[in-house]
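Taking my numbering, the leading residue of the sequence shown gets 774, the next gets one more, and so forth.
Hints were generated in silico from the structure; no laboratory data involved.
Misleading hints may appear alongside valid ones.
[Said to hold, decoys possible] No more than 20 Å apart at the CA atoms, straight line, and that leaves these computed lysine to aspartate or glutamate pairs for EDC-like:
1. 777 - 801
2. 796 - 820
3. 777 - 807
4. 777 - 800
5. 777 - 812
6. 796 - 807
7. 777 - 820
8. 777 - 793
Here the structure is a predicted model, which means the values were calculated and not measured.
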Amino acid sequence: MTIKIEPLDAPMGAVIHGLDSRKPLSDDDFRAVEQAMLEHIAIVIPDLEENVPWLRD
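Generate the whole structure from the sequences, applying the supplied hints.
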C-alpha cells in the first residue's frame with residue numbers, strides 16, 4: 774500500500790491518503806503515519822473504518 778501525506782494549509786495537521794484501515798499496516802506505513810503524527814501533530818485519515826485495532830495499539 775502506498776500512502777501520501779498532504780500537509781494542511783494551516784499551522785498544523787496533515788491528511789493521509791491511500792491508507793486502507795481494513796488491512797494491517799506494513800512497518801514502513803506505520804513509521805510514515807507515526808512520523809506524520811510527530812511532524813504535523815494532528816492527522817486526518819479519510820474513510821477510516823470505525824473499528825481499527827492497529828490504531829489503538
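>> Against the 20 Å threshold, does the CA-CA distance of residue 777 and residue 801 hold or violate the hint?
In response: 12 Å, holds
>> Does residue 807 sit within 20 Å of residue 777, going by the straight-line distance between their CA atoms?
In response: OK: residue 777 and residue 807 at ~13 Å, within 20 Å.
>> Check whether the Cα positions of residue 777 and residue 820 lie no farther apart than 20 Å.
In response: With Cα atoms ~15 Å apart, residue 777 and residue 820 stay inside 20 Å; holds.
> Can the restraint linking residue 777 and residue 800 be considered satisfied, given a maximum Cα separation of 20 Å?
Replying inline: 15 Å, holds
>> Check the hint pairing residue 796 with residue 820 against an upper bound of 20 Å on the C-alpha distance.
In response: Since the Cα atoms of residue 796 and residue 820 sit roughly 13 Å apart, the hinted pair holds (cutoff 20 Å).
>> Just to be careful, I want the Cα atoms of residue 777 and residue 793 compared with a cutoff of 20 Å; is the pair within it?
In response: 12 Å, holds
> Keeping to a limit of 20 Å between CA atoms, is the pair of residue 796 and residue 807 held or broken?
Replying inline: 17 Å, holds
> Given the hint that residue 777 pairs with residue 812, does the C-alpha gap stay at or below 20 Å?
Replying inline: 14 Å, holds
When each numbered hint is compared with the structure, no violation occurs for any of them.
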